[in-house]
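Here are the chains, one letter per residue:
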Amino acid sequence: MNRIDCLFNTKKNRILSVYCTAGYPCLNSTVTVIKTLSEQGVDMIEIGIPFSDPVADGPVIQQSNTVALKNGMTLALLLEQLKEIRTVTSVPLILMGYLNPILQYGMEALLKQAKACGIDGLIIPDLPLREYEQAYQSLFAQYGIAMIFLITPQTAPERIREIDRLSTGFVYMVTAASTTGRQSSFTTQQTHYFEAIQKMDLRNPVLAGFGIHDHTGFHTVCQYVQGAIVGSGFIKAIATGGDAALQDTIPHFIKSLYS
Amino acid sequence: MKYAIDEQGYYGAFGGAYIPEMLYANIQALKERYKELIREDAFNQELDQLLHDYVGRPSPLYYAARLSTHYNTRIYLKREDLNHTGAHKINNTIGQILLAQKMGKRRIIAETGAGQHGVATATVCALMGLECKVYMGAKDILRQSPNVARMRLLGAEVIPVHSGSETLKDATNEAIRDWISHPETTHYIIGSVVGPDPYPDMVAHFQSVISKEIRVQLQQHTGSPLPTAVIACVGGGSNAAGAFHHFLDEASVQLIAVEAAGKGLDTGYTAATMAQGSPGLIHGSRTYLMQSPDGQITEPYSISAGLDYPGIGPLHAHLYVSKRASYLQATDDEALQAAYRLMRLEGIIPALETAHALAVLEKESFMPDDKVVLCLSGRGDKDLETYIKHKDDEQD
Numbered sequence: 001m002n003r004i005d006c007l008f009n010t011k012k013n014r015i016l017s018v019y020c021t022a023g024y025p026c027l028n029s030t031v032t033v034i035k036t037l038s039e040q041g042v043d044m045i046e047i048g049i050p051f052s053d054p055v056a057d058g059p060v061i062q063q064s065n066t067v068a069l070k071n072g073m074t075l076a077l078l079l080e081q082l083k084e085i086r087t088v089t090s091v092p093l094i095l096m097g098y099l100n101p102i103l104q105y106g107m108e109a110l111l112k113q114a115k116a117c118g119i120d121g122l123i124i125p126d127l128p129l130r131e132y133e134q135a136y137q138s139l140f141a142q143y144g145i146a147m148i149f150l151i152t153p154q155t156a157p158e159r160i161r162e163i164d165r166l167s168t169g170f171v172y173m174v175t176a177a178s179t180t181g182r183q184s185s186f187t188t189q190q191t192h193y194f195e196a197i198q199k200m201d202l203r204n205p206v207l208a209g210f211g212i213h214d215h216t217g218f219h220t221v222c223q224y225v226q227g228a229i230v231g232s233g234f235i236k237a238i239a240t241g242g243d244a245a246l247q248d249t250i251p252h253f254i255k256s257l258y259s
Numbered sequence: 260m261k262y263a264i265d266e267q268g269y270y271g272a273f274g275g276a277y278i279p280e281m282l283y284a285n286i287q288a289l290k291e292r293y294k295e296l297i298r299e300d301a302f303n304q305e306l307d308q309l310l311h312d313y314v315g316r317p318s319p320l321y322y323a324a325r326l327s328t329h330y331n332t333r334i335y336l337k338r339e340d341l342n343h344t345g346a347h348k349i350n351n352t353i354g355q356i357l358l359a360q361k362m363g364k365r366r367i368i369a370e371t372g373a374g375q376h377g378v379a380t381a382t383v384c385a386l387m388g389l390e391c392k393v394y395m396g397a398k399d400i401l402r403q404s405p406n407v408a409r410m411r412l413l414g415a416e417v418i419p420v421h422s423g424s425e426t427l428k429d430a431t432n433e434a435i436r437d438w439i440s441h442p443e444t445t446h447y448i449i450g451s452v453v454g455p456d457p458y459p460d461m462v463a464h465f466q467s468v469i470s471k472e473i474r475v476q477l478q479q480h481t482g483s484p485l486p487t488a489v490i491a492c493v494g495g496g497s498n499a500a501g502a503f504h505h506f507l508d509e510a511s512v513q514l515i516a517v518e519a520a521g522k523g524l525d526t527g528y529t530a531a532t533m534a535q536g537s538p539g540l541i542h543g544s545r546t547y548l549m550q551s552p553d554g555q556i557t558e559p560y561s562i563s564a565g566l567d568y569p570g571i572g573p574l575h576a577h578l579y580v581s582k583r584a585s586y587l588q589a590t591d592d593e594a595l596q597a598a599y600r601l602m603r604l605e606g607i608i609p610a611l612e613t614a615h616a617l618a619v620l621e622k623e624s625f626m627p628d629d630k631v632v633l634c635l636s637g638r639g640d641k642d643l644e645t646y647i648k649h650k651d652d653e654q655d
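Protein chains in written order, with this note's numbering: chain R, 1 to 259; chain V, 260 to 655.
Hints listed in this document are in silico derivations from the structure and should not be mistaken for laboratory results. For each residue, glycine too, the CB sits at the ideal point set by N, CA and C. Take the hints with a grain of salt, since some may be wrong.
Subject to a maximum C-alpha distance of 25 Å in a straight line, what follows is the list of computed DMTMM-like cross-link-like pairs (lysine to aspartate or glutamate) [as the list claims (entries may be wrong)]:
1. V:Lys582 / V:Glu623
2. V:Lys290 / R:Glu162
3. R:Lys236 / R:Asp201
4. R:Lys70 / V:Asp628
5. R:Lys70 / V:Glu558
Not everything, but these chain R residues come out facing chain V in the computed CB check (under 8 Å) [unchecked claim]:
6. Leu69
7. Gly72
8. Leu75
9. Leu103
10. Met107
11. Thr152
12. Pro157
13. Ile160
14. Asp164
15. Leu166
16. Thr179
Just a few of them, taken from the derived set where beta-carbon distance is under 10 Å, the chain R residues facing chain V [claimed, not checked]:
17. Pro59
18. Leu129
19. Arg130
20. Lys236
21. Ala237
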């Protein structure tokens, strides 16, 4: 069974997934970050493939992408870095990246390499549902890699059902009309939206993401869905100390989310 | 229409809507409303009235006698530079502002490179009393300062963009992020035939008035609606799309698009997407773009802010691979020389973008009886500083 499915079968709530940008803060930080995060007990790790034009991301993740690219990170190099990753962690690992670099690498080539590294799922925010269904769904099934789609407060109920039908692993609930890392606290309108999603009782588990960066945010969304994805908050936390301080900054940030 | 967009939003293999879910509902609503409205008589009458009374259409098709003598052929200039705000850009913003109004949007955002689209957007927002924010690369703000001042006088807020290359590509990213964050109140007026479906088709539709008029005017000038060739510059490609539109299915008409080669194709300082690019995704559309081998979008260069874009509209990618249109290149220097020539021969100061189209008259040879229509997409007021500086440098 896929590690993502195993996770959701054994743990029903307060699942914490952390997003990191590959090659950030330094080119060779990727493995250290993943290792330290899993030592801190996070349930899942999302590894961002840096892109020059990340339109769904706010300033913090944009900046980390720019730095990672300057450091020389590429998708090919990332897959090289991840070759031995299963010797350091057993948590589910997800790659998140925009479609253009993936197309240039080749979708099947990526799935094949990802499988070999022990990657469990992919998030491609600008891949249309229709194109996934027609061109890639069977390939994902063949390689046993999960495909996670996003829903937002603007997604109509019938489309949520459609997204739930095509998603494997879990559904990524974007908490607000926003890019990543923008907001501080949730409005009543948002909590109504979380409730509505909870009531839809989707066939996939749901994780909330965008704008969750502290204990309060994590605690709030866990009342409605199975857990949360923290991205910009984490990138910000590891930005200041650089590579040398990761052993301190990572545990400090993760503890602040749980307690 | 052999070259029209299909039901799925593609021109052959190019186009589509590669957008994050956050924009899906907006793009869908826009597509549906656009398709309804362009079939409504009341909408089209309102649009035509504004184009006539406010923009000053039809723009003249001018037989450029001295330029024609110089090149020993017959050259007709489609005078989009005489439109209100000084370029073809307003044809599109008038159409989209009406659409935004009908959709009940109160807030308008736009990206701009040379500032022509920003000015055209700020203008129609003032006309309709709508809030307007224009994203512009910090580098472009410096080199096109007259247009920045114009936008501000018209009541728009100009927001400098410091990410990436600080030019049009990054301004577009920032406008997309704004739209993601304000999906309900806001309409995003894209200024070229780029972006996710329905933008390429919608902008081409509003710009197609250019070739619609050329046919009528050429008939009056020459007794036939069909020229030998149509020439236009391309960045994203909206004036070219408009100038080509009603000739796409006329196989006898040569369509020539001119990209900005910058300092030269192999110098690394270029914006010639067809010459240097490959297929991929940019701003929600599958098309040609300039990118690194691992799919990072590269920073373009051109003296002309309006052509300084690493992508090109999907229609053009389709016309390129199907060989319906040819894509030529002109360098900064060739464009400058062509602009100076037009100033002296015809008393017209063209925009730097348009100067690239004029530059191919030096390279392509036409017969004395040929009828060549060149889309004079904009006027050069905004580029005076550049023209004066380079003229001084030449004389030094």
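Can you give the numbers of the hints that this structure goes against, from lowest to highest?
-> 3, 4, 7, 10, 12, 13, 14, 15, 20 and 21
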